[in-house]
Amino acid sequence: MSIRVRLLLSFGSVLAVAVILILMTSYLLSVAITGDMRSISSFYKIHYSLHPLTDEEETIFLDLKYLAKQDSGRMTDEVVLADYDGQLKMVQAGLFVRKDDKLIYASPSIGEPKMLSALPGYDAANLSIRSTLNVGSRFFSYAKFDFPYPDGSLGSLYVMKERSPFAELVRTLLPILVVVLLAVMLLTGVLLYRYITRTLIRPLEVLKRSADQIKQGDLQFELKPQSRDEIGQLSQSFEEMRRRLNESIQLQLQYEENRKSLISNISHDLKTPITTIKGYVEGIRDGLADSPDKLDKYVGTIIGKVNDMGRLVDELLLYSKLDLKREPYSFDRVDLIAFARDAAEESAWELADKGIEVDRDLSGSGPLIVLADRSKLKRALGNLIQNSVKFMNGDEKRIRIRAGAEGSQALLAVEDNGPGIPSASLPFIFERFYRGDASRNSGMGGSGLGLAIAKQIAEGHHGSIEVASVPGEGTRITIRLPLVDKGSVDSTAIELQTTGKRNGANG
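So the sequence shown is numbered by my numbering: it starts at 1192 and just counts up by one.
To be clear, the hints were calculated from the coordinates, so they are not data collected in a lab.
Built from N, CA and C at the ideal position, the CB exists for glycine as well.
Hints are supplied without guarantee of correctness; some may be wrong.
Derived DEER-like restraints, expressed as beta-carbon distance ranges [said to hold, decoys possible]: (1) 1341 / 1316: 19 to 27 Å; (2) 1558 / 1447: 42 to 50 Å; (3) 1516 / 1441: 15 to 23 Å; (4) 1664 / 1465: 32 to 40 Å; (5) 1387 / 1517: 49 to 57 Å; (6) 1614 / 1447: 28 to 36 Å; (7) 1589 / 1428: 56 to 64 Å; (8) 1664 / 1483: 44 to 52 Å; (9) 1428 / 1451: 33 to 41 Å; (10) 1428 / 1465: 52 to 60 Å; (11) 1400 / 1440: 13 to 21 Å; (12) 1380 / 1445: 51 to 59 Å.
Distance condition first, Cα-Cα at most 27 Å in a straight line; then the derived DSS-like pairs of lysine-lysine [stated by the list, open to error]: (13) 1290 / 1305; (14) 1485 / 1496; (15) 1516 / 1451; (16) 1512 / 1451; (17) 1545 / 1485; (18) 1305 / 1256; (19) 1488 / 1581; (20) 1569 / 1581; (21) 1469 / 1451; (22) 1496 / 1545; (23) 1280 / 1290; (24) 1588 / 1569; (25) 1569 / 1512; (26) 1293 / 1256; (27) 1545 / 1569; (28) 1496 / 1469; (29) 1588 / 1545; (30) 1496 / 1451; (31) 1569 / 1516; (32) 1260 / 1280; (33) 1462 / 1512; (34) 1485 / 1462; (35) 1305 / 1293; (36) 1462 / 1488; (37) 1581 / 1545; (38) 1469 / 1488; (39) 1256 / 1280; (40) 1462 / 1496.
The whole structure should be built from the sequences, with the hints applied where relevant.
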């Protein structure tokens, strides 16, 4: 429920509750007095029958009654009657005089055509001189006096006042109703204040405290929306902002930690060749290379170390571009079976001099089509092969290149029969510059970035890389790439090519 609707309902409820309680109070009071709502009119009829006139009206009535007793002949004098009628008019009452069945005088305010026929008959004993009567839709209370005229005619005078039982009820109960209304309004206001405080103010206070926490740098909390209204939506957006800000800060901290680690690793990997170069240069300067053969050896070592540093810088630059998504990709349809076959033949020729046997296991007869950047995929496969070559130390050295399919994925794997990798090191081998033990140090060659680059390339192809190793038996590293169905080649190519262009544009 929105805040606008909630406020409308809240303030509307104040009015509704007030009206309902006033009506209930009126009803309860009427029932308490009369026993029945429909008996209000009857109750006031009885009341007006006993007390039809106010004190002022009663005084004028007694004067008229005295005049009728002492000098009834003047009860036909319109001047006299008009004078009394003027006094009654001031107290909102009226005068009616009858002689036999004829109207002698009637106040304009009581000018009711049916009045003459509605009045009670002559009562010489005047046993009932106060009562009420209904004339059409009008209700009157009256005091009457019956008297004889000098000529023997029967005369009656009436001092009358129009009444409304419900108006009288309102007048009587108005002070009570006002007090009840004020009490109801106060109570409703208190309840409404508590409701608004609970549903509006408190959530806003929670938001304020959360903002203060963020201002102080504390993002380790969770803001749970308490409702689905605008404040709840604001809380949800605020929580999303906090979460993303926290992730951004954590990512920045991770980047900073990675930067420090990278600088440390680069410093370590550059220190050894620089120290070696320095030593050989000083040896040449000091005349230690006192023969052409020794000088050639010194210079060759220096050139080799310089080349190692060049390769390290090149791989570091490539890894940095891949990590920052700034290295462009050029995707094309590649048959992974043919790709693995060519790589195996090329590697077998290159590694034959090192006594390493390279074979292949290409499952299936048909092609395995993937969308790949051929040069980068070749770079990743070459890094896996070089990683295996680097740590082989047995008499019988063997590398196997596999290609196959598993479900909707194509697999490209490199297996070796080397010493294997300890299980404690497996989760970290794709981190840059990682070396699990003393046997995997910079003295064995390589930049320490080969597997990290292979992982970046695999992920750049929307794929993944995984490792399985048994110490003493060997290691298998597998690149998984999404297979391309004939019906989805175009759409997948567009997606990957778009990604490649975007990554290139960033550079």
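Check the hint pairing residue 1488 with residue 1581 against an upper bound of 27 Å on the C-alpha distance.
holds, 24 Å
With the threshold set at 27 Å, check whether the alpha-carbon distance from residue 1469 to residue 1451 stays at or below it.
Measuring from Cα to Cα gives roughly 26 Å; hence the hint holds.
Proposed proximity, residue 1545 with residue 1496 (alpha carbon, max 27 Å):
holds, 21 Å
Holds or violated: are the alpha carbons of residue 1485 and residue 1496 at most 27 Å from each other?
OK: residue 1485 and residue 1496 at ~17 Å, within 27 Å.
27 Å limit on alpha-carbon distance, applied to hinted pair residue 1588 and residue 1569
holds, 22 Å
Measure nothing beyond the straight line between the CA atoms of residue 1485 and residue 1462; if it is 27 Å or shorter, mark the hint as holding.
holds, 24 Å
Would the pair residue 1469 and residue 1488 pass a check requiring their Cα atoms to be no farther apart than 27 Å?
holds, 15 Å
Are residue 1545 and residue 1569 close enough, with their CA atoms no more than 27 Å apart?
Roughly 21 Å separates the two Cα atoms, so the pair holds.
Holds or violated: residue 1462 with residue 1488, Cα cutoff 27 Å?
holds, 21 Å
Could one say that the CB atoms of residue 1428 and residue 1451 fall in the range 33 to 41 Å?
Holds, at about 35 Å.
If you draw a straight line from the CA of residue 1305 to the CA of residue 1256, is it 27 Å or shorter?
Answer holds: residue 1305 to residue 1256 is near 24 Å, not above 27 Å.
Could you check the hint for me, namely that residue 1664 and residue 1465 are 32 to 40 Å apart, CB to CB?
For residue 1465 against residue 1664, whose Cβ atoms are near 38 Å apart, the range 32 to 40 Å holds.
Of the hints listed earlier, there is not a single one the structure fails to meet.
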